[in-house]
Every structure is written in C-alpha cells, then in structure tokens.
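Be aware that the sequence shown starts at 1, since it is given in this note's numbering, and climbs by one per residue.
Misleading hints may appear alongside valid ones.
What the hints assert, rightly or not - With a straight-line cut-off of 25 Å between C-alpha atoms, the simulated DSS-like cross-links for lysine-lysine are:
1) K322 to K306
2) K172 to K236
3) K222 to K204
4) K241 to K98
5) K599 to K403
6) K98 to K280
7) K599 to K414
8) K316 to K273
9) K254 to K100
10) K236 to K403
11) K171 to K236
12) K204 to K405
13) K300 to K414
14) K241 to K171
15) K236 to K100
16) K599 to K405
17) K114 to K241
18) K284 to K100
19) K306 to K316
20) K284 to K254
21) K79 to K174
22) K172 to K100
23) K114 to K172
24) K236 to K273
25) K222 to K162
26) K354 to K284
27) K100 to K114
28) K322 to K254
29) K300 to K316
30) K222 to K114
31) K587 to K599
32) K280 to K316
Because the hints were derived from the structure by calculation, they are not lab data.
None of these values were measured; they are calculated from a predicted model.
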Amino acid sequence: FHRGIAQDRVLEMVDGVEVSPMLVTGDTENRGTEVHFMADPTIFGTVEYHYDILAKRMRELSFLNNGVRIRLTDLRSGKEDDFAFAGGVKGFVEYINKTKTNLHPTIFFATGEKDGVGVEVAMQWNDSYNENVLCFTNNIPQRDGGTHLTGLRAAMTRVINKYITDNEIAKKAKVETTGDDMREGLSCVLSVKVPEPKFSSQTKDKLVSSEVRAPVEEVVAKALEEFLLETPIDAKIICGKIVEAARARDAARKAREMTRRKGVLDGVGLPGKLADCQEKDPAKCEIYIVEGDSAGGSAKQGRDRKFQAILPLRGKVLNVEKARYDKLLSSEQIVTLVTALGCGIGKDDYNLDKLRYHRIIIMTDADVDGAHIRTLLLTFLYRQMPDMIERGYVYIAQPPLYKIKAGKDERYLKDDVELNAHMLRLALQGSELVPGENAAVISGDALGELARSYLLSRSVIDRLSRLYDPAALEAIMDGVAIDLSNEASTEASAKALHAALHDEALKNEVRVVPSYDPVREQRSLHVERTHHGNVRVSVIDQEFQHTADYQQLVATANTFTGLIGEGAVIKRGERSMAVSDFKSAMKWLLADAERNVSKQRYKG
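Could you put together the complete structure from these sequences and hints?
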C-alpha cells in the first residue's frame, strides 16, 4: 500500500514482476508506505522468522539513523519492541556498555567527512578484557571489519602511543604497550557512509575499499588527540587500563613459557582423569566432557573405547569472560581441557590442526548447574577457540527428560514435544473412528492426519491464550466465522461469537463489542470477560486474521465441521466409546494409551 496525497494506492508483485498496474483503492488521511510480503515456498524450503534476529537488526538501524523510530511486533506471541533511540552511535555504545562497568564517564565521539566519506565513531572503555568493535558501512554490518577498521586501529595506536610517550607513562610503569593492549575492554561503534563501497564477498562481511582508510584515520586521530588533551582525568584512566593490560600480557607470556617448559600444554602428558580412545585419526574420534567423577564413571562404562574418550571436569569452570589470559593458565579445569584437546591456547600457541578430536561433546546434567557449566564451557570455546565452533566440531549432548516403556519397547524422549508425539503414535495404534451410523471408518494415516491437525490447533490455542480469550479461540476452531469486512458482518460476527461464549449455567460475564479504528481503518471484535471483578479485554482484528495461527484454527474448523454425527464411536483395540465430537474422541484415545505405559521422568 502506498499512501500518497489523500489516496490509497496498491501495487502487487510476484517474483519481482508487477502483477497489475498501481490501483487507487480509496481516500485516506495517512501518509507512508506499507509493505506486505510472503516468502515463496518454491525458493525458501524453510521459512522461520526469529524475533531476536529481527530485533537486533532493528535496534542497530535505530541507533545508526538517529531519530528514526521502528516498532517491531510479533503477532505469534504478542512480543513487541519500540526502538526509538537517541544519541546515534554514541547512544549505541551506551547500550552496549549498560551491563558493564565503565572506566570513564565521557564517551569519545567523533564525526566528520573527508573525500566524500562520512565517518561517525564512538568509543568507551570498560573493565572487561575483550575488544568489542562494531563496524558498519551504509548501515550494513561488517563482521570481519575491513579498511575502515584498519584506519581506526592505526589512528588509535598512533595517537595513544604518542600520548603515553609524551607523558612518560609507559616508562614509569616499565612496560611496552601495543595496539592489542589499547583495545582491551574497548566498546566501539564505527559507522561510515561510502558511495559505491567494495566488499570482499556477497555477504559484505569485510570492506575492501582502499579509499576509506585515510579519511577514517584522519577524522579519528584529530578528534582522539583533542579528547585526550581536553579530558585529562579520562585519559589517565584509559592509559592506566592500557598499562595494566600490558603488564598482564607480559605475565601471561611468562606463565606460558613456564607451562611450556613443564610440558603441560603441549600434550606431552595427558590429564590423569582422561579416558582416551584407541583411534588416532582426529576425524574419527570424539571426546565427551562430563560433569564430575561419578558421571565420568558411568560414561566410561557405556562408551566405545575404540573412538570415544571421556574427560570428567570437577567443579565450576572458570568464567573466561571476566578473566585474563594468565588467570586462564592457572585454572586446573582449563589446563586439563586444553591439554586433552591438544591444540594449545593463545595467539602464539593455538593450532587447530593439532586438535585430537573432531567431535567435542559437552554432556552435562539436565539441571541448572549443568546448564551453567555448559554455558561456561561454550563461553571458553567461543572466546578462545572460535574457529572450532565455526568448523562444527562442538556439540551439546541432550539428556532425555522421559523414559517410556510400553510392553518390551523402551524409548528415551528429549522433552514434552517428543513425549506428546510418541503418545500420539501409541494412541493411534489399532485405532479407528466411526464418525456416524453407516459412515465409512476412518483409520490409519487418515485418522493420524485428523489427530495431528486437531492437536496443532490445540497447541495454537495454548500458546495464544495469554493474548486472546481462550474460549474465543476455541469457538473459532469450532466453526464460528469471523467476518470483519464491513459494519454489518462485524455486528453479525459479534453476535455469533457471544452466543458461543455465553453460558447461562455458569453465569459467566462476557461481552463481545464490535469496534472500528479510523486511524488504522480496521474493524475488530473486543472480547470483554469479567472474572472476580476484573475485566480482561482481548482484541480479534484483521491483523490477527492474516496470521498463520488464525488460518490454522479456521482450517481445523473446516475439517471437523459436520464430521461427527449421531452414533459416532471411537475404537482402540477391543475397547470403544461413543463420542459426540472429535475433542472427546482424542481425549479418550490419549487416556487409553496411557493405561499400559510406564513413564519415568528424569531430573531437569
């Protein structure tokens, strides 16, 4: 929809080709462009929209385009975010550092233009030990940096080194500082605007336009030099952090040399707790990292010693997010893990080609402590050995939540979803539905399709019950048609829905009120339910009708309307029961399947 001067205009396209010329559909007082799109199933095999990924991108765009407001709403879950951030890249750095302890109050900010290249950068140091620099070109993120990042680093190293030398800070501390020291604990957002930028690949992960480096370096160097001179307190704090990083780097080097002399990290002696495998080809080997000696004992009994190794780790692993490199080497669990893996650690010693196992499986308990240990291990691997994860060497073992025994058949099931699917399979075995007198029997795949369609709609109702009146959703699934196309049909839909919801015996207080929003030009039904004096209002509007969830409920209604008649019977084996609707048939089937099943739930 394009809302121009007092007119609504619609243009429809399929596969990038115009279906029909732009049509004028009416008058309006609104302005702007509204885009609706549907992913083509012939191009996209799986279409799944992740809210967190979209929210992250919308947040970035709001910061990078100061003053722009973006509202993101997920009609599936009702989750909503309003991104209207002030401050541009400076505000972006504030957001990045909001969970960290900042070392200096004033955020460095520089903006300028040189040779047609616009540069905007903000920086602030915190007490962490990791560098966090986000680079953007024309609002597009570059994960691998590029020439703009090279210019930023060159300017930082030159200006800060000059300041440290002029004030004899490094000389007094008896250390030599490097560019890596200066970027420890740095949070930075760098945004450049470049006409016709060049990237290393189609994914635009790295900027390769050579003309960008000089403008970035010049703008940053000039502003950073002024910042250090005009804010001496901040400059002193930043330089203190850099000197501390240089000392830690030197201490880590000495610790590394000491451990190398002892042969701890070079694989000369493997950890005593490691139960190694016989196979020597890393591509065929896998190592299970388990929680404690007791779990290690059980895992050793169940393993195939030819290619499966077991490494028990005792206690909580060090949180590497808050630890320096020298502290890593003093951690018993970290040294044990690095020694077992055999690939070393640190910029100078790390070599993934020496990795002894190409399947590293984290197998912790299915409880809170296990989840914590798993998170700490993943943090260590992600921060110290990221390419190990990128190559797909790291796995998470998922312990089962249920053990189901039916006769001699035993199954381990991961979660409630797998449990429900398994119980449905059991319920359908030997089952058939006679939908009415003299009607054809429904069984096998046909009954299975009906059951899955019904349970899918039930899961939709359970998920949406926080946002919408559950009884109203059930009424839609039972066949109450909602037509909001005009005033008369909306009134009729309100009466039909109210008739389905009102129960004289229960004396439930419920109202269904038709409504019209002139701003959005949309009709809706407001379901007002009073419970213990509190009124809960849920809105069924045209936007909800466009969702896949609503379409699923309508499809189920179309499937089951008129299916069950007089004399309907559900059978399972030798047992049977008369039913009046499909809901009661499914309830009986699942309950009957539970009779001969032994269910064990593990901790989790």
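Worksheet item: What are the numbers of the hints that this structure violates, sorted from low to high?
Response: 1, 3, 6, 9, 10, 12, 17, 18, 19, 20, 21, 22, 23, 24, 27, 32
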